[in-house]
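Q: Sequence:
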Amino acid sequence: MKKSYLIVNPHGGLKKGLSILEKVRPIFDDGGLELNILETQYAGHARDYASEIDYNG
Numbered sequence: 004m005k006k007s008y009l010i011v012n013p014h015g016g017l018k019k020g021l022s023i024l025e026k027v028r029p030i031f032d033d034g035g036l037e038l039n040i041l042e043t044q045y046a047g048h049a050r051d052y053a054s055e056i057d058y059n060g
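Here the working numbering is used: the first residue of the sequence shown is 4, the next is one more, and so on.
Hints may contain errors.
The list that follows gives simulated cross-link-like pairs (lysine-lysine, DSSO-like), each with its CA atoms no further than 30 Å apart [as the list claims (entries may be wrong)]:
no., residue 1, residue 2
1, Lys26, Lys5
2, Lys18, Lys6
3, Lys5, Lys18
4, Lys6, Lys19
Bear in mind the hints are in silico, worked out from the structure with no lab data behind them. This structure is a prediction, so every number in the text was calculated from the model and none was measured.
Kindly produce the complete structure, drawing on both the sequences and the hints.
A: Below, the structure written as structure tokens:
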């Protein structure tokens with residue numbers, strides 16, 4: 004199963020990140036992807052997540 008990461012900012016913009024996630028999650032599930040959800044907690048957190056992810060495995 005292919006591993007995917009999705010970084011979600013629940014506090015950004017119109018604060019709809021989590022509700023949008025629930026709408027798109029079935030697309031990932033139907034595609035047979037192992038989806039790892041990473042929720043941001045502070046400014047720059049998405050960048051921190053992106054630098055910590057192991058892209059080789």
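Q: With the threshold set at 30 Å, check whether the alpha-carbon distance from Lys6 to Lys19 stays at or below it.
A: Roughly 24 Å between the alpha carbons, so the hint for Lys6 and Lys19 holds.
Q: Holds or violated: are the alpha carbons of Lys5 and Lys18 at most 30 Å from each other?
A: holds (29 Å)
Q: Can you confirm whether the C-alpha distance between Lys26 and Lys5 stays at or below 30 Å?
A: Distance of about 20 Å is within 30 Å: holds.
Q: Straight-line Cα separation of Lys18 and Lys6 no greater than 30 Å?
A: Holds, because 26 Å separates the two Cα atoms, which is no more than 30 Å.
When the structure is compared with the earlier hints, no violation turns up for any of them.
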